[in-house]
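J.: Read off the chains here:
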Amino acid sequence: MIIDLAGVVEELEPFFNPRSVAIVGATIARGPGVFNVMENLISFGYKGEIYPVNPKYTEVLGKKAYKSVKEIPGPVDLVLIAVGRAIVPSIVKECAEKGVKSVIIVTQGFAEADEEGKKLQDEFMKVAREAGMRIVGPNTLGTHNFIDNFTSSFIPIKKREYDPIGVVCQTGLFFAGFPRFKYAKAIDVGAAIDVDHVDAIRYYTEDPNIKQIFVHIEGFAKPGRGKDFIEAVREAKRRGKDVIVFKVGETEAGRKAVMSHTGTLAVEDKVFDGILRQVEAFRVRDYNELQLVSSALLKLPRMKGRRIAMLTHHGASGVMAKDAAEEFGLEWADLSEKTIKAIKELSPPWLPIGNPVDIWPGLMGGPMRMHKTALKAVLEDENVDGVLLSIHIADYSGWPAVGTYGHVDAIAELAPQYNKPVIVVPIGVEQEATRKALENIKNVLVCDTIRDAFKAFSVIAPPEVQVPK
Amino acid sequence: MKSKALREVYEKGIRVLGESESRKVLEEYGIPCPKTVVIGYDEGKRAEEYLRELKSSSEWPGYPLFLKIVSPDIIHKSDAGVVKRVVSDDEALMAIETIIRNAKKYKADVSINGILASQDVSSPETRELLIGAVYNEHFGHLISLGIGGVLTEVYKDVEFRAIPITESDVYSMVSRLKGRAMLGPFRGMRPINMSVLVDVVLKLSKMIEENPEIREIDINPFIIGPERGFAVDARMRIE
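Top to bottom, those sequences are chains A and B. Read in order, the letters of the first sequence are residues -2 to 466 in the numbering used here. Read in order, the letters of the second sequence are residues 130 to 368 in the numbering used here.
Since the hints were derived computationally from the structure, they do not count as laboratory data. Careful: at least some of the hints might be erroneous.
[What the hints assert, rightly or not] The calculated BS3-like cross-link candidates involving lysine-lysine, where the alpha carbons are at most 30 Å apart (straight line), are: (1) K452(A) / K153(B); (2) K208(A) / K452(A); (3) K267(A) / K285(B); (4) K133(B) / K335(B); (5) K233(B) / K141(B); (6) K301(A) / K61(A); (7) K213(B) / K153(B); (8) K133(B) / K285(B); (9) K267(A) / K233(B); (10) K219(A) / K153(B); (11) K184(B) / K224(A); (12) K224(A) / K133(B); (13) K307(B) / K224(A); (14) K307(B) / K319(A); (15) K234(A) / K307(B); (16) K267(A) / K332(B); (17) K153(B) / K285(B); (18) K267(A) / K369(A); (19) K174(B) / K301(A); (20) K219(A) / K174(B); (21) K131(B) / K224(A); (22) K156(A) / K61(A); (23) K224(A) / K267(A); (24) K267(A) / K174(B); (25) K285(B) / K244(A); (26) K335(B) / K224(A); (27) K98(A) / K115(A); (28) K332(B) / K234(A); (29) K153(B) / K174(B); (30) K219(A) / K131(B); (31) K234(A) / K335(B); (32) K174(B) / K233(B); (33) K116(A) / K98(A); (34) K332(B) / K224(A); (35) K452(A) / K164(B); (36) K115(A) / K95(A); (37) K244(A) / K133(B).
Bound-form chain B, shown alone (with noise of 0.2 Å):
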């Protein structure tokens, strides 16, 4: 286990990581996430002082972005109503004290640890993948990409290489997807940056190469454009 980020939270007794823990370990070996401020929360404080205080952050990403309720309790929070897109001040502060409301409505006794902005990264040239890693009986680690987002399980078109892949891997894999059209050109938007893609997904295999310990591991959706690329979600499993 290499990853100081990942030691950390095993040594906690940690064994399955959400999204900020998994971010950490993510951004240890390089790979884009976007810009994040958590903010604690406390019982009581106004929405106003949750927003001076995340724009007060060095982190602060600025307009649009996403904020999100930070539950161990929740999991899937788009359906709980805990994660809203917002583009002013205005937005922000209806947006903070709705998300709380119904963090609190998921479950009577919830656990709340804080208020958390992030940068949204998506734009109407982006497009959302699949980048993951599962430990295989046989093979050992098998890297995996596909198309991601909220109908991966749907469309079920991911490709598998075990490590350590190498670039030409990652062309073969994007060229064996079914849904391979959709990262080109593609009703007006530019083709995703390869480069990125494979930058990426090499990081990762070098990260679980290095921290075999990584069971399993998603990054759904990965945002990748015609530039950039961001771990938007990521989760994992360790043992």
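Next comes chain A alone, as it looks inside the complex (with noise of 0.2 Å):
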């Protein structure tokens, strides 16, 4: 199956980068609580032209403002229509009459809504269609580019560093991003009449600023549009990109006339898990998983095998790490004789050494010394496949805070040698402290707890297959 991929980046790049916007709707109101969207888009450095649009007035915000879209002097690339929903099929037919290509309906009370509101997104999607028109809402926030810094939200965002990661969402709650979850790109496809979730992952994987796509969905809008996006996952991964998808919402849909088992058992959330892992997509539930997740993906080198070591300050985390392998299914290595050896020499003779690995007693001879050696022999180690970290950080007034024990130097110095994950779960006051020292060490990835790491670890491994033998 050939993709037009080509195609879907034309449609919907005046979506995110247009050379010019016209606002519909555009208001001289300013200040917090406003949420005005001119406002928002000169704030955030867009250089593109700006066209406000509203008969109630000659200027908006330093700009001269139009009557109607047709009376634009120049061509326009974008048009966000945020009006009544009564006048919004005479503004689509204006716009189609201006050769508009792109529209944003952030207006809500559509076929969602009544009788009244199917009759008027009938009417301006028919004007739409015969235009060649795409439109992306309605009830939407629309887009977010931190790239090329133009955004049609009407809630205020502002500039900040981004990673490659594509947004695509249903509702503009996630424009917000998370402190572990900083997007490049996002797009709110609302209702999703037209441009939708799979147009989304479609552009971003073209888009060579986007290594990882997020996925929120309710459900499709269209039939027959699993299909298209079952082709679209795995296109983006065949091209290296990671998806993540979180899917809400149970709809009744298509649970019909039904007689077997088998039609009974396929509820939507069980379906989707199932597909999901069949185009090898990233299932997440809730917002620290999403965090989790996309930074082990973004940050972590994959994993060959399941095979985990642990080097730990205290054994009572070892006993957790164990339930929490056994939770996702990892492995702990068979240390090589070597990397016994080199950890055997620092610690006290009648200490066993066993993985997890007890690290704590030869940290008494000289932390530094005992970090470095037990890290570079697991990552050396050919047994071992992800090497995790669990390090008590002392709250000791007087004492250095960070780095007390040489833990930190000793992962910035070996982690970024060798092609394999280190997680480092800190436990003490310094934590946060501690995530903001090893923030940008390659191949390091800071969790808060130890079920944490694990999940993370089971995201960065091969698939767990359990075969009967």
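If you follow the hints, you should be able to join the two separate chains into one complex; please do so.
T.: Following this line, the structure appears as structure tokens:
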């Protein structure tokens, strides 16, 4: 199956990075609490032409205002419609006459609301189809693009650093991002009556700035679109892009006349779950999981197998780790003779060296030397696919806090040299400071809990196949 | 609709296929079914005559076997007492009389088409699976694989994948089942034959691809052990 991705890019690019945008319903009110799109756009550093459209004004925020879209002198790449629903069809018609190909409808209250809304929607969709126009929405914040400084969001968002993540969602709430989920581009497809998740996945698949695609989906608006979704995700994967999916909501559609067990048991959530496994997409079920899975995929190299070595300051974390490894189907590496010998040399003679490795007694003879020796040994060990460090950071006053035990330096020096993931779980009040200190070190991820660490390993490990044998 | 067996019933206007009609479609696609013989029912015919006719068929499976009433009126056969497992001629003669009597008790004007003898493919090492397919308005046809038998609806332990599916999909489905341990070495049983399972699921996937008119199908139970696997009962609906 050949997918025309170039066509999708051409059609969707004006939504993310228009050379000119008309804002229908632009207002002169400004400041906090007004939610003025145009004010946001200007302060976001947008460099293209902005055309406010509102017959009530001659000027909006220092720009000449137009009575209608048709009156705008130059070409218009994108029109943003934020007016009462009754006049939306007439404005879409104006856009068509002006030759506009891309329209965002912020307004809500169409087919999802009532009969009158459905009538209005059918009316503007007919015009849009005849004009070859693409529509995002209705009921949407539109798009947000940190790379090219464009936003159609009426919720103010400040410029910030970003990771190579593209978001497609059905709610503007994801536009806010999260402390550990700093996306680059986002599109809220709203009711998704035209531009939908599949279009957005294909657009991001072609975008060289995007390495990870996050999909928040409540359901498909168009029947049969699930098949296109499967193909789109597979294509993204073929191009080396990870896809993370947050599927919520259960619809009753498709559960009609069934006589079979198969039919009865095929509930939407279960079906989606199977499909996501089939296309090797990652499913998340809350914001914490999203941030964890997203950062694990962005920051860590992929594991060749499922064998973990753990270095720990305390036996208790080792016990927690055993439970977590069981839960996520990860295995304990059989440490090589060489690894055991290296660690044994720095440990008291009575200490048995197993896995998890208790490095605490060995730290007494020089924490930096022990951290470096043990970390180097497990990173070089061919029986190890991933390394976990569970570190206890004391808050003894007078001690230099972060890096007291030399672990930060040891990790910073060694982790980037090997193609293996190193996950660090610092325990203590200096957790955040340790996270900061290790934030930009290659192959390293800091997790809050032992369980999170194993969840992260399970994401970057090869799929678990348990064959009856 | 590529299947000849399916076209035949379709042309007769049949849309819900019972065990024997479904079986012909499955066999066309090489999905193994237990050896089965059917003898037409005649009011007043004696048990000895049925047994003699059954045993003279080249498809006679030998003991142990199941004797069943063939009737469009009775869907849940075990509940109606019209299925008996027998191990000898003496038991078979008694069973034939009993199942005919029970069928008549089930419904006054019950329509009986025949007496069926079917190989008992179970052993102390076999497990019961559900294998099936259903049409989904978003994703098209889906294949199901899960824990089957009478407790299917209790465990709801079933995985779904879209067609066409691959060998690694079948392994992934099995890996996701909560009851997967039951398919490995378990209480002295050897593990099930995974290559037989993969083969049957891929054949079913092909059957659905070539006959999209099949809207839903259950093979339940699919009885599988360390060596072989059989579609023991199947139903399907076409559109």
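J.: All the hints need checking, so say for each whether the structure fits it.
T.: Evaluated hints:
1. K452(A) / K153(B): Status violated; Cα separation ~47 Å.
2. K208(A) / K452(A): Since the Cα atoms of K208(A) and K452(A) sit roughly 21 Å apart, the hinted pair holds (cutoff 30 Å).
3. K267(A) / K285(B): holds (10 Å)
4. K133(B) / K335(B): Roughly 15 Å between the alpha carbons, so the hint for K133(B) and K335(B) holds.
5. K233(B) / K141(B): holds (27 Å)
6. K301(A) / K61(A): Roughly 60 Å between the alpha carbons, so the hint for K301(A) and K61(A) is violated.
7. K213(B) / K153(B): Given that 30 Å is the threshold and the Cα spacing comes to 23 Å, the pair holds.
8. K133(B) / K285(B): Violated: K133(B) and K285(B) sit about 33 Å apart, past 30 Å.
9. K267(A) / K233(B): Judged against 30 Å, a Cα distance of about 42 Å means the pair is violated.
10. K219(A) / K153(B): Given pair K219(A), K153(B) is violated - Cα atoms ~36 Å apart, limit 30 Å.
11. K184(B) / K224(A): Violated, at roughly 51 Å.
12. K224(A) / K133(B): holds (28 Å)
13. K307(B) / K224(A): This hinted pair holds, its Cα atoms lying about 27 Å apart.
14. K307(B) / K319(A): Within the cut-off at roughly 20 Å; holds.
15. K234(A) / K307(B): This hinted pair holds, its Cα atoms lying about 28 Å apart.
16. K267(A) / K332(B): holds (23 Å)
17. K153(B) / K285(B): Holds: K153(B) and K285(B) sit about 28 Å apart, inside 30 Å.
18. K267(A) / K369(A): violated (46 Å)
19. K174(B) / K301(A): With a Cα-Cα distance of about 69 Å, the restraint between K174(B) and K301(A) is violated, given a limit of 30 Å.
20. K219(A) / K174(B): violated (59 Å)
21. K131(B) / K224(A): Distance of about 23 Å is within 30 Å: holds.
22. K156(A) / K61(A): The given pair, whose Cα atoms are some 26 Å apart, holds under the 30 Å limit.
23. K224(A) / K267(A): Distance ~16 Å between K224(A) and K267(A) Cα, so the pair holds.
24. K267(A) / K174(B): violated (51 Å)
25. K285(B) / K244(A): holds (21 Å)
26. K335(B) / K224(A): holds (17 Å)
27. K98(A) / K115(A): holds (22 Å)
28. K332(B) / K234(A): holds (27 Å)
29. K153(B) / K174(B): It holds: about 28 Å lies between the C-alpha atoms, which stays within 30 Å.
30. K219(A) / K131(B): holds (29 Å)
31. K234(A) / K335(B): holds (25 Å)
32. K174(B) / K233(B): holds (15 Å)
33. K116(A) / K98(A): Given that 30 Å is the threshold and the Cα spacing comes to 22 Å, the pair holds.
34. K332(B) / K224(A): holds (21 Å)
35. K452(A) / K164(B): violated (49 Å)
36. K115(A) / K95(A): At roughly 25 Å apart (the allowed maximum being 30 Å), K95(A) and K115(A) satisfy the hint.
37. K244(A) / K133(B): Violated - the C-alpha atoms of K133(B) and K244(A) are around 41 Å apart, more than 30 Å.
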